[in-house]
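Student: Here is how the chains run, residue by residue.
Number of protein chains: 2
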Amino acid sequence: MKSVKDLMMRQPDEIKGEKLYEGKAKALYRTPVDGVMLMEFKDDATAFDGKKKGTIVEKGYFNAKISAILLRYLEECGIQTHFIDQMAERYHLVSELDMLSVEVVMRNIAAGSLARRLGFEEGQVMAYPILEFYYKDDALSDPWLNASHIKAMDLATDDEVLCLEEKGRQVNEYLQRFLQPRGLQLVDFKLEFGRDSEGVLILGDEITPDTCRFWDVGSGDKLDKDRFRQDLGDVEDAYKEVLRRVSQEVPLCG
Amino acid sequence: MKSVKDLMMRQPDEIKGEKLYEGKAKALYRTPVDGVMLMEFKDDATAFDGKKKGTIVEKGYFNAKISAILLRYLEECGIQTHFIDQMAERYHLVSELDMLSVEVVMRNIAAGSLARRLGFEEGQVMAYPILEFYYKDDALSDPWLNASHIKAMDLATDDEVLCLEEKGRQVNEYLQRFLQPRGLQLVDFKLEFGRDSEGVLILGDEITPDTCRFWDVGSGDKLDKDRFRQDLGDVEDAYKEVLRRVSQEVPLCG
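Chains E and G supply the protein sequences, listed in that same order. Mapping of the first sequence onto the working numbering: residues 1 to 254, in sequence order. Mapping of the second sequence onto the working numbering: residues 1 to 254, in sequence order.
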């Protein structure tokens, strides 16, 4: 097998090579094609630094589809992503990236830790979108970072930090433009980036109700992992509803 | 009384007007001269969000002198400060400022919350000086901020944020140049800034062992409020020793 086309003619189990990573929600495998990885979306879910564990039935199925739609859309908008194609129900073929240890969080509306830390009412619209960096380190519970920590810890170059800020804000604009007409308010979300073989920063990971807060535009109902975190019930229905909405045909990029 | 000169001929109690602020370590009073304030340095000390309280004998005396020396030195280096003159033993005359709710913290060596949060060994020298912003809010325990929070919360303008970053780094450079030859390693410190009547950002507050971590260059012994925080003993001696060292005649600004 030499190309993505060859891989797409097989089943995921036939092309699964070395497992490079397995986390709560995803696993990543090598494939026989150099530079192409297989990403598996799992049903497991954790919250509160892994203190809460559970399974959301069919989450992997919904997330693989949701993320494929949103990453494809971002590609159409000109944002380079690692997404190559969806395979079977729960798998993405993705480009190999050297992932940064820095997560980018964008916040349009106060919720979660932002509301708690800075005393905002949940639901308060930010006068300006908040951009935060976090250090991906489970043992340290993903502490916050700023550009000077990133520089001192050599986690990214100054130019890469500027690029992360620019891409974070662009993705936020594009996603809101896509989601709003589909009745989804983009409250906040997390992005992960990695360097390709030429050192270019590319959007990786996933964009799903696991990594975004989505609220129903009309009612404000939560349609994301907060239903699991906060025991709100109807968790599976929320993921299913997000998939239904992002699958709707609505004019793109307005 | 119309001028600072008039004020300086009186005793502090004679010119104390309305008390505008009283915190753990300082109090601030109006004076009969417009735009000139009286800042009192107290012996009280707190730590851990006020959970630990105590008194450090003669701290106010030492801090008023230490801060006067360091602020005067920074003025000589071209950094505008609120410091006008020292009055009696525990008082500064200072210019009135509209203080920002943002604190600037500079860190050259890992200690305290930086070491804990990001997993550094205490004492590890940072490859690049860390600059952090915090929101002055006791009820929220002074949470961290970045430029986007500051903008969204309208705590300072974009230009002011750039100015805070520039001044923080300049003050760090100048202070290290002053302290190192006097045997004091500047581990980290906090600065507060305010706007003068023309909207210019001016360095306010104090620069003392309450707001800086100072380690003895040779032994690494702590010569600051960590002796109080960590019950290391000889707290008063540390403040006295810092005053002795910053009072030494050593060539300025290299």
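By construction, these hints were calculated from the structure, which means they are not laboratory data. Treat the numbers as computed from the prediction; the structure is a model and nothing was measured. Careful: at least some of the hints might be erroneous.
Since the list gives no way to pick out one identical chain from another, each pair is judged satisfied if it fits inside one copy or across any two copies.
[Claimed, not checked] Here are the simulated DSBU-like cross-link-like pairs (lysine-lysine), alpha carbons at most 30 Å apart as the crow flies:
(1) Lys190 to Lys136
(2) Lys167 to Lys151
(3) Lys16 to Lys151
(4) Lys167 to Lys42
Student: Now tell me if each hint is right for this structure.
Tutor: Against the structure, the hints:
1. Lys190 to Lys136: both (12 Å within a copy, 27 Å between copies)
2. Lys167 to Lys151: Classified as both: same-chain Cα gap 19 Å, cross-chain 19 Å, threshold 30 Å.
3. Lys16 to Lys151: Neither: 36 Å inside a copy, 47 Å across copies.
4. Lys167 to Lys42: within (27 Å within a copy, 49 Å between copies)
Consistency with the previously given hints fails for number 3 only.
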